[in-house]
Every structure is written in C-alpha cells, then in structure tokens.
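Enquirer: So the protein lines, in turn, are chains X, R, Y and B. So in our numbering, the last one in the first sequence is 657, and the numbering has no gaps at all. So in our numbering, the last one in the second sequence is 657, and the numbering has no gaps at all. So in our numbering, the last one in the third sequence is 657, and the numbering has no gaps at all. So in our numbering, the last one in the fourth sequence is 657, and the numbering has no gaps at all.
It is worth saying that the hints were derived from the structure and are not from the lab. Keep in mind that a hint or two might mislead.
Which copy? The list can't say, so a pair holds if one copy fits it or any two copies do.
Stated by the list, open to error - In silico lysine-lysine, DSSO-like type, Cα no more than 30 Å apart, as pairs:
id	residue 1	residue 2
1	Lys346	Lys496
2	Lys517	Lys346
3	Lys496	Lys434
4	Lys447	Lys346
5	Lys496	Lys447
6	Lys582	Lys517
7	Lys582	Lys346
8	Lys496	Lys534
9	Lys346	Lys449
10	Lys496	Lys582
11	Lys309	Lys534
12	Lys346	Lys534
13	Lys420	Lys582
14	Lys309	Lys533
On a predicted model such as this, the values are computed, not experimentally measured, just so you know.
Each chain, letter by letter, is given below.
Number of protein chains: 4
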Amino acid sequence: MNERIKVGVIGASGYSGEELVRLLLGHPNVELSIVTSRQYAGKTIAQVLPKLANYPEARTLRFSDSDATLVAQRASIVFLTLPHGVASEFAVPLLEAGCKVIDLSADFRLRDAAVYKEFYTHDHPAPHLLKTAVYGMPEIYRNKIKGAALIASPGCYPTSILLPTIQLLREGLIHGESIIADSMSGVSGAGRKAELDYLFAECNESVRPYGIPKHRHLSEIEQELGIAAKKAIRIQFTPHLIPVNRGILTTLYLAPSPHFSTESELSNFHERVGAAYQKAYANEPFVRLLEGAALPDTKNVVGTNAIEIAWRVDPRTGRLIVMSAIDNLVKGASGQAVQSMNIVGGFAETAGLV
Amino acid sequence: MNERIKVGVIGASGYSGEELVRLLLGHPNVELSIVTSRQYAGKTIAQVLPKLANYPEARTLRFSDSDATLVAQRASIVFLTLPHGVASEFAVPLLEAGCKVIDLSADFRLRDAAVYKEFYTHDHPAPHLLKTAVYGMPEIYRNKIKGAALIASPGCYPTSILLPTIQLLREGLIHGESIIADSMSGVSGAGRKAELDYLFAECNESVRPYGIPKHRHLSEIEQELGIAAKKAIRIQFTPHLIPVNRGILTTLYLAPSPHFSTESELSNFHERVGAAYQKAYANEPFVRLLEGAALPDTKNVVGTNAIEIAWRVDPRTGRLIVMSAIDNLVKGASGQAVQSMNIVGGFAETAGLV
Amino acid sequence: MNERIKVGVIGASGYSGEELVRLLLGHPNVELSIVTSRQYAGKTIAQVLPKLANYPEARTLRFSDSDATLVAQRASIVFLTLPHGVASEFAVPLLEAGCKVIDLSADFRLRDAAVYKEFYTHDHPAPHLLKTAVYGMPEIYRNKIKGAALIASPGCYPTSILLPTIQLLREGLIHGESIIADSMSGVSGAGRKAELDYLFAECNESVRPYGIPKHRHLSEIEQELGIAAKKAIRIQFTPHLIPVNRGILTTLYLAPSPHFSTESELSNFHERVGAAYQKAYANEPFVRLLEGAALPDTKNVVGTNAIEIAWRVDPRTGRLIVMSAIDNLVKGASGQAVQSMNIVGGFAETAGLV
Amino acid sequence: MNERIKVGVIGASGYSGEELVRLLLGHPNVELSIVTSRQYAGKTIAQVLPKLANYPEARTLRFSDSDATLVAQRASIVFLTLPHGVASEFAVPLLEAGCKVIDLSADFRLRDAAVYKEFYTHDHPAPHLLKTAVYGMPEIYRNKIKGAALIASPGCYPTSILLPTIQLLREGLIHGESIIADSMSGVSGAGRKAELDYLFAECNESVRPYGIPKHRHLSEIEQELGIAAKKAIRIQFTPHLIPVNRGILTTLYLAPSPHFSTESELSNFHERVGAAYQKAYANEPFVRLLEGAALPDTKNVVGTNAIEIAWRVDPRTGRLIVMSAIDNLVKGASGQAVQSMNIVGGFAETAGLV
C-alpha cells in the first residue's frame, strides 16, 4: 500500500467527532496520526469512544492536548470538530503552518461576517478567511474544494435542504419565495451535552418543534440558495426533534415557477424535476434519486453517506413536494467532511465511505 | 351513585378500541355492558387486553359476537370501532333500534357520498344517513352533538389540523389557499395489523413520509375547512411515521390574509391570532393555548384528551406557523368520542377524561 | 361529595413526584393543598409539569417553598419525594406537628441504622424514628400501615422482587440462599438528572448492567426477605438499564427447598407455588397472577399500580423461575405510596388507582 | 487487487441475510456473485434491501431463484440464511458440487440427530453430515474451521453465552451445574416476520421474557459446554425481548468450583478468571475484555463483530457474575460467519470486519 497521508482531528469527543474518527480509522488512504481533546488528553481512543475499540489504532493512539502547533507537526490535513467561535482559534495557526483545514463548525460557512454576527451573536473571529473558505458540499463545489486550503463543511439541516433545492433553483423550476422546509432530526444532532431536555425520558415517546422561527442554519441555507437563484432568498424552516439517535428527514413544499401555470405545463412538471435531478446527480455516488413508489426513510441512510431524494407533484394543489433523508452525523457532518478530504487528497471520492 | 347509562363497543380489539374500553371502564356515569369482537368472542376483556386487567369489570365482562340486535338490547349508546364500510352495516340497525351511535370510522364524516367514493373507492353503504350524522368535534359542533343520534367521530390527523385552523378561517385571518399541514404520527395510528412495514425493526430508528399526496383524511379536513371558510378549500398535507407509540405533532404553514399585508398590520398579527384562539377556546377544557416560549410536545398530551396549540409569526417571511400536539388514540379518537358521549348523555363534558 | 382530606407533596419536580401529583389530582378523597419545590416556587403545577396541565387545580396551585411549618399548616398527610438524607429533615418536624408522613426515599426503610450507614455511607439523620416507621408495602404490612404515623414507601426494585418471593419464603417453598434477581429498569428510574449517561443517544439502542454487585436496594430487600424467612438472607441482584421510559421486569432464579428433592415432590411444585400465591394474593386488587401461557410484560402494567407475576418450574434443572413486571413510578413508587395513603386515610384501597 | 473468491448467499432477504450481504459487499477479498430469494427473484439488491443501495454492486446484482445448481456454478463458498430444515435441502447438493457451505441455520450445529429432533421437533434431514460439520466459532474451533467443507455458524444467544463460559469450564474455575444465563435481545432476533407480537407498538415501551424454560438454543449451548467441561451440562437460560433493533446482553450467574471455597482462595478468584480470559482471548481480535469499572453495553458493539466481556466476584455471595454484549446480527450471526469464511478462504481473519 502507498504511504498514507497523515490527518488529525481536534475536539474528537462529541458525536460528530466520534463518527469522523470511525471513518478515518477505516479509511484506506489516510493515517489518523493525532486526535485531541482537552478533557480526555492521555486516554486512548478506545477508552473514550468504546464503540471504536475494535480498530487496532484505537487501542494505541492517545488523545493529545488541543495544541495547534503540535497538530501541525503531526498532520497535513486537520479536521476541526469544535464549537463555532472556537474553531477559528485553531484554523488560523493551522493554515499558517501550511495545513489543509476541514472545519465542521459554522465558522467559515458564511461569506459575510455581518450575517455571521446576526445569527451567531458575536463578531466573526477571523473575517479575513471568509473569502478563501470553500463551502464543502462536493456535489455543488467539487472543483473549488480541490484546491482549497480551508473547507467549511456544511451543517446537517442545510445538507438535507440544499441538495434537493439548489438544482431546482438553478434550472428555474421553482419559485424562490415559496420554499418551506420541515425537518425532523434525531437527538444526536443536539450534541453530547448533559442537559435535561435531551434526557432519554424527555425525548423518548416525544416529538416537538424547536428553535423557530430563526434557526442559525438559515444563514447558510439562504446564502447558498441565493447563489443558486442569483437573487436573495428567504425560506421557512422548522426543525423538530424525534426519538431516533440519527437521521434527518426533510419535507420541502415548493411552488413551480410561474411559467408552469397552465395545466398542460404542470402535467409534465414531475418529469422536468426528475430530468433536472438526473442531470445534476445521475453520476453522484452519494445521491439516490428514488424511483417508483419509494419514499425516503432515514433507516435506509443511517451509517452511510447517502442522501435519498424523492419528489411528487400534487395535482390538487399544484405544489411540488420533495423529501430527503440523510444521516445527520455522516452526510450531514463527518461523512461529507471525509468526502471533501478525498477530493482534497486526490483519493477516490468514495474512499472510506459507503 | 345514580344509575349509569349502559354503553357498548363493537369491534374493541384494536388500539382505539382498547383505549375506548379503558376510558369507559373508568367513567363515572356509564356502565360498559357489552363489548364485541368476532375474533375474541368468549374471552374476557382482561384476557384480550391485559393492560386493562386491573379494572374489576375487565375480569368478568366477556366479548360477545358482533351482533347488532344483541348489542341494541344491552346498550343505549353504542360505539363502533370498525373499519370504514363495515361500520355502516352496524350503524343502520342500531339506529333503527333506537340506540345512539358514535362511530369512530370514516363512514359518516363526509356530507357528500361522492366525495366518500372518491376517497374510499367504494359506494357509500348508507348515504341516507349522511344528512343526519353530526361531525363529533365538540369544540366546533357542541350544540349539534347534543341532539344527535349518529355522531361521526373525527379522524386523528383531522383533529390535529382542524382545531388550530377553523377559527383562523372563521375570523378571516388566514388565506384559505395557503394551508400546508405537515404531520408526524406514532405507529399505533396504523392499527394493530400484522404487516412488515409496522414491525418494530422497520419503524424504530426510522422516520418516513407516506400516503402522499392524497391521504384519505383530506376529505374530511377540506370539508370542515370549507364550512369554516364558506368556500371550497384545498390544502397540502403530508403525514410521516415516527417511532413513538402514540401522538401526533402537526406543524401548519399559513399565510395571513391579504389585508395584513402592510408591516404595521402584520406586527400585531400574532396578537390577533391569540385573541381569536382565546375567543374560541379560552373556556374549552381540552384546548391548551401555550404561552411564552412553550411549544407543543406530544409527551405532554399522551394519555390525555388535550390538544396543545402554539403559534408564531415569522417576521422574515410573514408566515404564521401554528403547531399542535394530540394523542392520536385519545383526542384523535376515543377520548373525543367519549367527550361527545358526555354531551349526548348530559354528563359533565370532562367526565371520565383528563 | 364529602370533605376531602388535605395532602401535600414536598419535592414534587422529579419523575416520582410528577406521578404522585398526577395520582393525587385525580383522587376522589383528597385535596392536594400544597406542593413544594425550592427550584420552582411560585410557578403553577401546569407550568412545571405540563403533562398535568389538564387538571384544573394544576393551573391554579403554585409551588411553595419547601418549608415544613407551612406544609404542616396546610396538609394532614404529607408525601416526601426527596433524596435520602434530605427526607429526614422534613419528616421530623412534620411528625412533631402531627402530620402523617409517607416518605418515598430510603430514609426510613431500614430498621437498623448501621445497615443504613453501610449502604448509604452517612449516619442516619433520625435513627429514633426507625422503630416507629412502617415499611409501606400494603400486601405485607397492611395492618401496621393502618395506624402508622411514618410510612417508608418501598423502592422500585425491592417491590418487584419482594412481592414474588416473600410468600415463597414464608411457606418454606424455596431455599433462602438461592435467590438470584435479574432486573431491567426503564430510564425514569435514574431520576430527572442532567447526566451524560442518561442522554437519549446514550440510552437508546443500548442495554447495560450497572451498580453491581452491591446496589443500595439490597439493604431493604434482604431485610424484608430475612423477616419472611426468619433468618438472615443474602441475595444476588443485578439491575440493567433498558431503553423504555417506565417499567421494571424482574426474573428470579430460585431453588426449591431441599424437601422437594424427589422427582415426585418436584412434579407438583408448580402447583404448590401457585397455591401459595393464591393464598396470599387472590384478593389483592393490584397483584395479577398470570394464568396459562401468559408471561409478564411491562407494557401491560405501565401507568397502573399492578404487579404481574408468573412462574415456571424447569423440569430439566429443577429450578423455579418467577417473573414480575411493575411500573417503577407507580407500584414501584407513587402508586404504592397512594395505596398506603388510602389505608391510612380509611379510603377504599383502590381509590384513585387503577 | 488479486482475484476475488466468488461467494453466494441463499435466502438473503431477512435481517441476518441483509447484514451478511452488507459485509460481503464491503469485503476486500470476495466477490458476491449470486444472491437468491424465492420472493424477490429478478429484483436488484438495492431494490430489496435499500440500506445497501450505496454499494455499486447492489444496484446491478439481481436476486436469482434459489437453485442449488445455479449457485454452485457461480460461487465456491455459499452462505445459507434459511430456516432450519430448509437449509439442509441446499447444503447437500452444494457440498456434492464441491462448494464450501457456511450455514447460519441450526441444521448442522448439533452432533446428535436425536437432540436435533428433541429441540426442533422433526427428524434431521441430513444426519450423515453432522459428523463432518464444524461449529463455526473461530475462537474455539479455528483449526477445524480451516479445513471444513460445512460450517455450522452458531446462534446468537449461544455466542453470547459460550464465549464467556467455555474457558472457565476448561480451566475448572466454575461449577458446571451452576450456570444461569439471563439474556436480553433486540427485536431483529425474531426475524422479519409479519406477526402481531413484533409490531412496533407491541415491542416499544415493553420488556418481556419468552420461550422459557426450553429455548431451542439450549441444545447447542449445552453441547458445547459439555465438550468444554468433559461432562454433560445443563444450564438455566431465560431470553427476554427488549425494544432495541440489535444487540444481546447476557448476564451469567456462576459458582466458583468447590476448591475455591475458602475465603483466601476466593479473594483472588477475580484475578484467576481474568488470567483465564487473558490466556484464551488476549490475542483474539474480536474479544474485548473490559478493564476497570467498564461494563458491557450493546451500543458499543452494535455494527461490529466484537464481544465485550466483564466479570465481577460478589464477596457477599461468593458468586461470579459475567456479562457479555454482542450484536446479534454480526458476532451473533453474519459477522461470525464471515469470520469463518476468512479462515476457510485463507484471508486475514479480520478482513471486511470491524
């Protein structure tokens, strides 16, 4: 086997970090050479993340302190699984030291520092980097990712919403003002935090909306939709918490563009949407366009980097309903980050991913 | 204690039937004098429905065959928890024998036999009864229920959608064409049927849409919304299956009526909605209008006849978001049927219900 | 209706407290006149415990500060749902003020302060009360409960283990040294505490043993078994955490007494066990001795005060297997406490309970 | 890459079959060349098992009819994931055609056709093969597996019980008559069968014992324990169904051998057990001997071929408590079968497994 590229993970003890470490330990082209955590420094991966104990390296590699200089010495590609605001503190020195950085936080997803401040309620810690950062959604920005030094890996809800809508906006098939996204997420999306709201007995046998009407993820969703539509877009978005560990199911309510107003034009709108998706995604390894009567189901994507997409035109209302399913920790976080790494590293884009 | 009215249940072995029997066994004003089931005739309630075994009557009352004549001899109010189509076969002779009938199927919910045929794909078995049947939603039709001989108890999704929207249409607050209802239901809503789709390992760790775009419940939802709006209404409705036993969470996307178009008018739209709900529901024992930051959560209504309702105006989009939560087996089925019975029987409307 | 007795609950914001308040709000013979909580003083029950918001009193009664003097003025029977150690601080002044006290903590379950210290690792705060306290298990101590001023309501695991074994020891049917109790509990048993171990994503899709080999509940289990056997008893007990909100399933492995050693004696051992249970529990309203092929299932007891018990003799090994199921929050905590209250108050023992 | 060995799966539409196909599609040394199913012949793997749709071969390989001749032409190693009784019908012709057969049913696990008849209630369909079949538990029978033509892959419960106990019996550390195994299994263990008992709403919020006292798996458990102990062994075994998709947690209650009767001998019994496990399993890639305070948890093994084992000596009772956790579909079924295939095929034993 060829020499493997050395990669590191800063802040690996949360759910996304655990999934990222799992993917990297199983990856054929990289060596996980350093993982850091303030809390767990000195312990092996297997001790902190016992689900991964069967990987031989998990029993020998120990968490280091979160020190950017140390990480830069040991790894050439570095993932940040840190809270927003904190991620920037590491990104700056790592980039200066010549590392490629793939950040899973929100710090570099927005192009405009003012929007960042509006949604994250503090000044952006490193606004000079916003111009160079690339939004790490390979199906949309593959070419830019190739040469990027700083990749801002997308949020979980944005991934489930953007992949089904961007192409429809690009092709002018839907009305930009019409987008309503109704999402349901598993509880791992809330992170590994000791809060009453996420106790088993508070989440099990429960479903509830939260964070409405202005969830932080709206900022990156609307930015990317605006780019696709070439005009400002505002959408409606409601997240819900459901009792599963993993998975996001998004149902989108969309209005066909005004020029599909006649009945005859509307009658082949379903095929037009399908053709648009085929054009964009037929060769994408992780996008599954469902055929026939099949509808997305999170259980079919959990543990994988896939997104399932299905669509229906309701002849009674004229609306287009698009549904998507992803694993919030894989395609919605760590899997997508590894997909970007594969592009950056020049590996097969599906390497280490299912 | 005064003499109790005798009530019967035909077809009591499903999930709604079990919940109905539970409520009737614990009811202070009625005596459950007969329960029937073709499959379980001869067995006690406790043997068939062991969750209810602690009620003394459950250990003595045995299921009878489903025979309308027998039931009419033993009970003056009869509940039908049967599939649509079958319910009519019992309703006709029971009404002729002078019983009051509360039907939990869809057979008498629609006023128009043609709509019934469109949605249920067979001719209505007793169209002459459609004129006399009353839609058993006490908050809307309390006075008609009082004198009704035949009550069509509403469906679960319709209950979660209609109670939050009817009042807004009546007051002209929302645009009738704008209604989008996104619902999530627990698996008991699919009934006690041995089908692969509802196995534990197929539903657990899964969330999926189904039955789109033309779910049968649309027929009664649009009928009732049309009555409230005084014009035909078509809505968008997507049900989803989530891994809880019980509970429906509905999120409604609504557009304020055109006369709330200016910013200043929109600014107090939230209060206008609250005032409309207060006017309609302030004294309703089972409608909870949530205050402050509280949002509906199915775990707060499961096992009760309550509906939780909250609403938010999104200043970014101008839309009104209304969310509701019910227990699909109680307020969405058996509890609402008992509430109607309480009205018919002249009992306190909250008797036997929480 | 007759005048209701006034009752109070100190420390009502945990899961047992919530269930207790639910039972008291629905009880026909008592008035819940005061509930206290340091954290929630000033808020209504409905605000703190939204599941109970449909009880009219829940919308008016506000939490008071936890002040024994105030509680003693307002209530004649007081429940303590407090941590061990803290409960004693309230029990002493309440008893002095003439209240009846029903304590759901472990503070008064043990007769021997030294055993308390061994298992709870601090000196008993009020050892003089241990002689007068009655272990609040109605099926065993009904007569003592009648006149008691201080009732120590049993723990959840102990209830699931003691009710099936005490009678077998009393009748000399099983070997006292042989008892192995393997229990599975829902997560509400861990209390409403913000700890990582009880997060949804840590408990869902997980089953694990914990607290072995010396769980605190062993102290009261062995005390009561010793009383039944008239000699010291040590048992084996392993609790497991499973992903349900409520319910305990206990499987007991027992050896028949030595005088059942011959095959012919063993052959009717199953009936002998059944006869012993019938003798003890045939008229007990909350003990269900399962017949035929039925085995206990927590879903059949959750929300009720029932215990299901079934037993099998394994002809291959000669062992007796006894299985029980309870709701840890009802028969295992608040329901059993209300059952004791019914005895103390002179009400029907089943009043307010199913 | 070297040429891959061709493998086939007969009866691949159940949960074990799905997991097996997943492992084979991801395996570096084999090519899944044929999968069969009477029900799904003609459909692609991706259509029948959408969880696997991201493997490129799953979108092209179609299910064939279950025809032994066809399978023998296409594959040199064949897995059978069929009901007992049916598996033999395929094993015979496949072996005659020169294939290696790895059977996941119970058909070839027992050495004695009379025991098979006792537990499976029909004559063994191919008793002449029982002598040549090897029980496919690599940690115990690695050398025999190497040259075997017919491998009987162990049952899920047996795997969770045998790996922790065989070594203790071999070393004479425990009393053979003392073994009590209390197990909890996820619902996938019941198979993909449309039965009321396994509906979501019947399993969720439920835990229940079943199949006592004579579960079929006892036959292979006692056979293998008898071989280890060099005498006949009878054990006590109680399986329970818990609401998780996957995972078995077994708690074993064991008595130290009589020569550990003195207190001083018992005091280092814990270490003796640890030393025995170390001796047997220190180099086993899939056996995790837990250290310190760690206890097995199914969530740490689900999706992997690992077994977690921990043990405690209870100084109060003198008993040894051993706990194990596996994924019933991986180490308990398909993963263990692949591990055997790796040995048979001469691959790294961990190839394609985590």
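Enquirer: All hints are to be evaluated individually against the structure, with a verdict given for each.
Expert: Verification of the supplied hints:
1. Lys346 - Lys496: both (20 Å within a copy, 27 Å between copies)
2. Lys517 - Lys346: between (39 Å within a copy, 28 Å between copies)
3. Lys496 - Lys434: Close neither inside one copy (32 Å) nor across copies (44 Å); limit 30 Å.
4. Lys447 - Lys346: neither (37 Å within a copy, 39 Å between copies)
5. Lys496 - Lys447: Result: close neither inside a copy nor across copies, 35 Å intra and 47 Å inter.
6. Lys582 - Lys517: between (33 Å within a copy, 29 Å between copies)
7. Lys582 - Lys346: between (48 Å within a copy, 25 Å between copies)
8. Lys496 - Lys534: For Lys496 and Lys534, neither the intra-copy (38 Å) nor the inter-copy (48 Å) Cα distance is at most 30 Å.
9. Lys346 - Lys449: Neither way: Lys346 and Lys449 sit 35 Å apart in one copy and 38 Å across, limit 30 Å.
10. Lys496 - Lys582: Answer is neither: 42 Å inside a copy and 40 Å across each miss the 30 Å cutoff.
11. Lys309 - Lys534: neither (41 Å within a copy, 54 Å between copies)
12. Lys346 - Lys534: neither (50 Å within a copy, 44 Å between copies)
13. Lys420 - Lys582: Neither way: Lys420 and Lys582 sit 37 Å apart in one copy and 41 Å across, limit 30 Å.
14. Lys309 - Lys533: neither (39 Å within a copy, 52 Å between copies)
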